[in-house]
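Q: Sequence:
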Amino acid sequence: MDLNAVRMLVQVAEARSFTVAAGQLGISQSGLSRAVGRLEAELGVRLLHRTTRNVSLTPDGRQFVDHCTPLLCGLEDAERRLADRPCTPSGVLKLTAPSMFGRKVLVPLAGQLMAAHPQLQFELVLNDRLVDLVEEGFDAALRTGPISDVRMVARPLRPLHWVTVASPDYIARHGAPTTVDALHEHVCLAVRNLRSGRLVDWQFREGDGLREFTPPARMVFDSGDPLVEGALAGVGIVQVMDFAVADALGDGRLQRVLQPFEGRSRALSLVYPPSRQASPKLKVLAEALLAGHW
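Residue numbers are given in the working numbering: position 247 of the sequence shown equals residue 251, and the series is strictly consecutive.
Simulated from the structure, these hints should not be mistaken for lab results.
Just so it is clear, CB atoms sit at the ideal spot from N, CA and C, and this is done for glycine as well.
Incorrect hints may appear among the rest.
Listed next, the in silico SDA-like pairs over lysine to any residue satisfying Cα-Cα at most 20 Å (straight line) [said to hold, decoys possible]: (1) K108 to A237; (2) K108 to L128; (3) K108 to S269; (4) K98 to T56; (5) K287 to G106; (6) K108 to A295; (7) K98 to A158; (8) K287 to L124; (9) K98 to L128; (10) K98 to V275; (11) K108 to Q125; (12) K98 to S269; (13) K98 to P278; (14) K98 to C72; (15) K108 to L236; (16) K108 to L294; (17) K108 to G254; (18) K287 to N131; (19) K98 to G254; (20) K108 to E233; (21) K287 to L76; (22) K108 to L146; (23) K108 to A250; (24) K108 to G149; (25) K98 to H71.
Cβ pair distances, simulated, as ranges [what the hints assert, rightly or not]: (26) R66 to E233: 44 to 52 Å; (27) R177 to G267: 22 to 30 Å; (28) D205 to D6: 48 to 56 Å.
Full structure from sequences and hints, please.
A: Rendered as structure tokens:
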């Protein structure tokens, strides 16, 4: 079996396009198509669905790629060791992450990794846009919620938890709410979902489930980033993810309220194409994130 053809198939599967994959591999589209065609003929099965708009794996193709990708990564690692190539993290690691998580967690973490590995560089795209990792040349992404792209490897990280917080100054002036309904007597800062036009609900544990609560907001933002600044300024109460206020809670600039009712959480994953999983620079990032010191 032609291992180069298998590598080409994996690249096409990740890119979902012969044109994109050919550009990434530096070969002609026709040559790439012929190589995959010969592999299909050798195996006696159809590996790809081809349409005018995109390319996708058949069930047989998905099974084949899932089994071959770890083997290819193992071969690449063996090649590096035999060639005595440096396995230290080096080069540019291009990542995308939600804005607030990127600023609060990823930027400091990247700084620590660059100090430990002088040849490592980062390119960070920090916004909430769902990028195409392969087509846009990203090594990995930090994503919340369920991961639906079956082409990608998704490594679960520590889940994100929501906390409800206010500044000591605000609490001194207005008191701290002791029940969820008491929030109606307080100044709340919230976010409007620009797609639905509705305020983003807060959630609290109630019995064995979660209660959706629309905050009586006196100040509304178009994203979650300014919430922390509003709370620190003593404007009102906010509900945000724990990582966003970990430092402020640690030094007393913010305090948790309604802590007995906390319960909302969201999955967080490091997502990357299978072809990247043997990358030394991605490995050190994954290890740092999995350590969970953030």
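Q: Against this structure, judge whether each hint is valid.
A: Now for the hints, and whether the structure bears them out:
1. K108 to A237: Satisfied, since the Cα-Cα distance of roughly 18 Å is no more than 20 Å.
2. K108 to L128: It holds: about 13 Å lies between the C-alpha atoms, which stays within 20 Å.
3. K108 to S269: holds, 18 Å
4. K98 to T56: violated, 30 Å
5. K287 to G106: Cα-Cα ~18 Å, so holds.
6. K108 to A295: Holds, because 16 Å separates the two Cα atoms, which is no more than 20 Å.
7. K98 to A158: holds, 17 Å
8. K287 to L124: Given pair K287, L124 holds - Cα atoms ~12 Å apart, limit 20 Å.
9. K98 to L128: Roughly 6 Å between the alpha carbons, so the hint for K98 and L128 holds.
10. K98 to V275: Measuring from Cα to Cα gives roughly 12 Å; hence the hint holds.
11. K108 to Q125: holds, 18 Å
12. K98 to S269: violated, 27 Å
13. K98 to P278: holds, 15 Å
14. K98 to C72: Measuring from Cα to Cα gives roughly 25 Å; hence the hint is violated.
15. K108 to L236: The hint holds at about 15 Å.
16. K108 to L294: holds, 16 Å
17. K108 to G254: holds, 14 Å
18. K287 to N131: Violated. K287 to N131 sits at ~23 Å, over the 20 Å cutoff.
19. K98 to G254: Cα-Cα ~31 Å, so violated.
20. K108 to E233: holds, 13 Å
21. K287 to L76: holds, 17 Å
22. K108 to L146: Roughly 13 Å separates the two Cα atoms, so the pair holds.
23. K108 to A250: At roughly 9 Å apart (the allowed maximum being 20 Å), A250 and K108 satisfy the hint.
24. K108 to G149: holds, 19 Å
25. K98 to H71: Roughly 27 Å between the alpha carbons, so the hint for K98 and H71 is violated.
26. R66 to E233: 44 to 52 Å: Taking Cβ atoms as reference, R66 and E233 lie about 46 Å apart, which means the hint holds.
27. R177 to G267: 22 to 30 Å: For R177 and G267 the Cβ distance comes to about 28 Å; the hint holds.
28. D205 to D6: 48 to 56 Å: Check passed, 54 Å falls within 48 to 56 Å.
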